[in-house]
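Whole structure, please, built from the sequences with the hints as guidance.
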Amino acid sequence: MALTPGEADRLLLYTQGLLARERHNRGLLLNVPESTALIANAVCEAARDGLDLASARETGRSVLGAADVLPGVVEFVTDVSVEARFDDGTRLVVVRDPFRTAHEASSVEVESADVPSTSVIRIENCALTPIGLTSHIHLAEVNPRLRLDREAAYGHRLAIPSGDTIWISPGETIELGIRPIAGSRVVIGNTGVVDGSLDDPELRRRALGTLRACGYLDTEAQSTTASPVDVLAADDAVRALMRLRQASR
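Throughout, this note's numbering is defined as the position within the sequence shown, counted from one, plus 28.
Simulated from the structure, these hints should not be mistaken for lab results.
Take these hints with a grain of salt, some might be off.
What follows is a set of in silico ranges between Cβ atoms, one per label pair, in the way DEER data are often shown [to be verified]: (1) ALA30 to THR118: 35 to 43 Å; (2) VAL60 to GLY199: 43 to 51 Å; (3) THR32 to GLY93: 46 to 54 Å; (4) ASP77 to GLU248: 33 to 41 Å.
Computed from a predicted model, the values in this text were never measured in an experiment.
Ideal Cβ placement from N, Cα and C applies to all residues, glycine included.
Set out below in structure tokens:
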């Protein structure tokens, strides 16, 4: 069985959550990894059941209370973030105050909304459904039905506050501020075409070529107006990417 990095991560999270659930059912107080896994898994399963983002987030907040965890866990785990696959795509869900204590830890830094972006990118939704973009997704690897300059987007994310989501309606074209991904600039998972340093030029060339070859909509050497053929190819893009990854093993 071949799994994408995201699917492998999801299976690991499920296993961690199942272990945490069994310990919780035995009356044990949960530690940080256990409580985090249980909440994150509940969010992912709610998304799989067809709930929207807000409902899935509330499901995560209903799993545990302060009495279910070890001392210090409530103060340490002030939010739980997980990428869940919804009916309309994968989105980042941030469960704040996961134990319903209304506790705000002063040590947690909230990223400012007014951090300046370095550039602007135009994105067109060529799908028949709304598509959401979360704050920290690597823009070059976003939904194959979004047409954008993926080369310009490579190594960047949206210039919006952490945990926020931008929604693009079907047929809508918007311009959004972007900024370079910070930190170690290593991306693992998502489509799996990077799985390494964003500053590696050969990896960049290969990743962009793979996305385009698999049908991820791009402005490079493509018409600016999507046709039904474009959208059909984009719907098959993820499967094409999987086949290519399997063949390279």
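Results for each hint:
no., hint, in the structure
1, ALA30 to THR118: 35 to 43 Å, "violated (19 Å)"
2, VAL60 to GLY199: 43 to 51 Å, "holds (44 Å)"
3, THR32 to GLY93: 46 to 54 Å, "violated (35 Å)"
4, ASP77 to GLU248: 33 to 41 Å, "holds (38 Å)"
Consistency note: the structure conflicts with the earlier hints numbered 1, 3.
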